[in-house]
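S.K.: So the sequence lines, in the order shown, correspond to chains A and B.
Count the first sequence with this note's numbering and you get residues 1 to 75, in order.
Count the second sequence with this note's numbering and you get residues 1 to 156, in order.
FYI, nobody ran anything at the bench for these hints, they're computed from the structure.
Please note: incorrect hints may appear among the correct ones.
[What the hints assert, rightly or not] Here are the simulated DMTMM-like cross-link-like pairs (lysine to aspartate or glutamate), alpha carbons at most 20 Å apart as the crow flies:
id : chain 1 : residue 1 : chain 2 : residue 2
1  : A       : 25        : B       : 109
2  : A       : 72        : A       : 36
3  : B       : 89        : B       : 53
4  : A       : 22        : B       : 35
5  : A       : 74        : A       : 3
6  : A       : 25        : B       : 53
7  : A       : 25        : B       : 105
Each chain is listed here by its residues.
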Amino acid sequence: MADSTLDAKGLNCPLPILRAKKALKGMSNGQVLAIEATDPGSAKDFESFCVQTGNELVKASENNGVFYYEIKKKG
Amino acid sequence: MANQKKLAIIATKGTLDFAYPPLILATTAAALDYEVTIFWTFYGLQVVKKERDLKISPLGNPGMPMPVPMPVLVQVLPGMEAMATVMMKQKMASKGVASIDSLLEMAIESEVKMIACQMTVDLFDFKHSDLIDGLEFAGAARFFEIAQDADITLFI
């Protein structure tokens with residue numbers, strides 16, 4: 001279960017990443033942020049975001065053009 | 001952060017389209033925990049004016065997708081630039097692309113450091129008060145002080 005959710009549907013690069021960063025800032029270590037997005041570029045971007053920030057991408061899926069991610073805050 | 005990565009950007013362009021790359025990269029890098037500096041010089045200063053009126057011109061830009069083919073001699077007509085600008089802004093809003101105002105705000109919020117080129121400020125007869133608050137005014141030597149310490153340096 002996610003501790004917090006972010007609706008980034010309809011937003012384009014780099015807004016989903018910027019909003020996710022902001023949301024994670026207000027969360028504690030180990031908490032999970034669930035994100036919904038429609039930007040197809042977000043798939044690679046959230047992967048890269050997590051690799052570079054040390055957060056963990058615990059889930060990434062797509063259904064009917066809506067991308068769903070779960071990021072666990074680390075560090 | 002001791003090992004914080006650093007990005008230094010020189011932003012030289014003052015059109016609506018070219019205001020995007022430095023601000024998208026700066027805000028994204030800040031989200032990736034980079035320490036970011038943008039050095040605004042020449043037409044780039046237009047992006048950090050308090051009263052911004054950034055436009056896009058189809059003139060001399062054959063790469064710009066147009067809804068209908070438009071001969072160059074039509075593109076020079078009065079009002080064409082304003083029309084192209086309005087259309088581009090509408091298109092961007094409909095695609096969920098952030099406005100320059102909001103990207104700039106986010107850059108400031110995420111503590112992107114901004115330097116305005118004092119030489120160009122003088123050249124264009126701008127006053128410091130014409131530009132947004134929080135800018136540092138400096139020259140090329142200051143940029144190199146930042147760039148020599150940066151992991152990535154971009155000229156846009």
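S.K.: Would you list, in rising numerical order, the hints stated earlier that this structure does not obey?
M.R.: Hint check: 6 fails alone, others pass.
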